[in-house]
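Using the sequences and the hints given, assemble the complete structure.
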Amino acid sequence: MSQEYNMRRVTAIRNGTVIDHVPAGHAMRVLEMLGIDQTSSVPVSMVMNVPSKKMGTKDIIKVEDRELNQDELNRLALVAPDAHVAIIRAYSVAEKMTIDLGEEVKNVVRCTFSNCITTNPREPLPHRLKVLSTEPLELRCHYCGRPQDLEALVRNLI
Amino acid sequence: MPGLITMDDLTNDEILQVLDDAERLLPVARGEVYLPLLQGKILGNLFFEPSTRTRMSFETAMKRLGGDVVNLGDVKTSSVVKGETLFDTVQMVDGYTDIIAMRHPRQGAAQYAQDAARVPILNGGDGAGHHPTQTMLDLFTIRQAHGRLDGLNVVLAGDLRYGRTVHSLSHALTRFGCTLTFASPELLKMPAEIVSDLKAHGANVVETDDLLGSLPVADVVYMTRIQKERFADEDEYAKVAGAYKLHASNLEDVKEGMIIMHPLPRVDEIHPSVDATRHARYFEQAFNGVVARMALLCRLLNVDVPANVGGEA
Numbered sequence: 001m002s003q004e005y006n007m008r009r010v011t012a013i014r015n016g017t018v019i020d021h022v023p024a025g026h027a028m029r030v031l032e033m034l035g036i037d038q039t040s041s042v043p044v045s046m047v048m049n050v051p052s053k054k055m056g057t058k059d060i061i062k063v064e065d066r067e068l069n070q071d072e073l074n075r076l077a078l079v080a081p082d083a084h085v086a087i088i089r090a091y092s093v094a095e096k097m098t099i100d101l102g103e104e105v106k107n108v109v110r111c112t113f114s115n116c117i118t119t120n121p122r123e124p125l126p127h128r129l130k131v132l133s134t135e136p137l138e139l140r141c142h143y144c145g146r147p148q149d150l151e152a153l154v155r156n157l158i
Numbered sequence: 159m160p161g162l163i164t165m166d167d168l169t170n171d172e173i174l175q176v177l178d179d180a181e182r183l184l185p186v187a188r189g190e191v192y193l194p195l196l197q198g199k200i201l202g203n204l205f206f207e208p209s210t211r212t213r214m215s216f217e218t219a220m221k222r223l224g225g226d227v228v229n230l231g232d233v234k235t236s237s238v239v240k241g242e243t244l245f246d247t248v249q250m251v252d253g254y255t256d257i258i259a260m261r262h263p264r265q266g267a268a269q270y271a272q273d274a275a276r277v278p279i280l281n282g283g284d285g286a287g288h289h290p291t292q293t294m295l296d297l298f299t300i301r302q303a304h305g306r307l308d309g310l311n312v313v314l315a316g317d318l319r320y321g322r323t324v325h326s327l328s329h330a331l332t333r334f335g336c337t338l339t340f341a342s343p344e345l346l347k348m349p350a351e352i353v354s355d356l357k358a359h360g361a362n363v364v365e366t367d368d369l370l371g372s373l374p375v376a377d378v379v380y381m382t383r384i385q386k387e388r389f390a391d392e393d394e395y396a397k398v399a400g401a402y403k404l405h406a407s408n409l410e411d412v413k414e415g416m417i418i419m420h421p422l423p424r425v426d427e428i429h430p431s432v433d434a435t436r437h438a439r440y441f442e443q444a445f446n447g448v449v450a451r452m453a454l455l456c457r458l459l460n461v462d463v464p465a466n467v468g469g470e471a
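Line by line, the protein sequences are chains C and W. 58 is the number that our numbering gives to position 58 of the first sequence; each next residue is one higher, with no gaps. When you read off a place in the second sequence, starting at 1, and then add 158, the result is the number in our numbering.
Some hints here could point you the wrong way.
Unchecked claim - Examples of chain W residues toward chain C, derived with CB under 7 angstroms:
(1) Thr243
(2) Phe245
(3) Gln269
(4) Gly360
(5) Ala361
(6) Glu365
Said to hold, decoys possible - Cβ-Cβ distance ranges computed for the label pairs, FRET-style:
(7) Pro208(W) x Leu157(C): 48 to 54 angstroms
(8) Asp100(C) x Glu207(W): 37 to 43 angstroms
(9) Lys234(W) x Glu104(C): 34 to 40 angstroms
(10) Gly335(W) x Glu67(C): 50 to 56 angstroms
(11) Glu67(C) x Tyr320(W): 35 to 41 angstroms
(12) Leu157(C) x Lys240(W): 43 to 49 angstroms
Claimed, not checked - If you want the footprint, here are the derived chain C segments under chain W, 3+ residues with CB under 8 angstroms:
(13) 110–123
(14) 142–154
The hints are simulated quantities; they were obtained by calculation from the structure and are not laboratory data. We treat Cβ as the ideally placed atom computed from N, Cα and C, and that holds for glycine.
Quick look at the structure:
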């Protein structure tokens, strides 16, 4: 089954954002990270577990009438580091965006170490994870210095 | 103003400068010379968990240098028990003091406090994290005995998993090119991420469960306490802990200049028979906590230690 076939499982969108190469089963999580749910007014389509040459299977998300900004995209790196993101205008790809976590992930997720000072929800300073490497993804808490458990990290989204 | 949160906050040259300052301050720490370098300065002691040596030695260091100390007091009777955040506590003490020494049960608390404060924070232990002022006094003790820090054979023994003193010390010794032997029971091994970090920094590390076999090549043996509560039952503890005890009779084949250190309190991992040997250094080590902290207080408060303090170093 071709890439084209996958993309046409859901209708092409006129304007908005397409997020491709999301690890299979993670589309809902990606939407959650982007703060897109039933309260958002934008139409969202997605396909899950479709075949992919590169990944075996993958998910694809199409968000209509909304162009995600770089900050929103960078959050994706935590669950979908290899995602391809395209901004669509008038049915054509107007811009391809790459995910760039930068040197620090601020106030996106909480440290996964159970004894870190930041586990007290009333402490007001921002949650800060330093990016040591992106391939493979390696993060350390700015405060406690612990390496982050990536599996557990997605459960710690703010 | 930057404080001392981990040993990474000091370069090797800065470490040596602090040790030199500490050396010169010995007569002041012994009370032979009065040198009020920190007169008018106030240290805030924020100890959120019990501490005897660290808290007292900070207090002594400050007072020997003519400064003053305010204490958080017992956490159970302070505003912390009412649910005050660390951020708020630090904001308050920041306004009262010129520098803060802090111990906290949660890891990362010292960095957190530093981000919240204007005054420098001295990390006196954060959970199983770092304890850099202990490391400085350990390095001072090692250099005092051997005249140098580089290229020594150091055996760290006992509870290497939970002991924050051995974590900070291992990193520092690696930076000075020491060979490290980690002697511990399987359950209390040095955490794998620390070993791999050390190796990535070029450390020469040997891991073993044989403390006594490691003694003959050692220049320094750093003992730590194995806590009963780490084990599922008392029999298991007794079986394991026995292999990590030193008695004077174990020291026949060791190097003449080898020193035995311990962050204290000890329980029975160093038999009192060792105290009278030339190798025992743990009580000097505890005393050195005062000079090392005096030197650090001066450094972080930007006060130079004069080249000639008077008295005998």
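(request) Just pull the numbers of the violated hints for me, sorted ascending. (result) 4, 5, 6, 7, 11, 12
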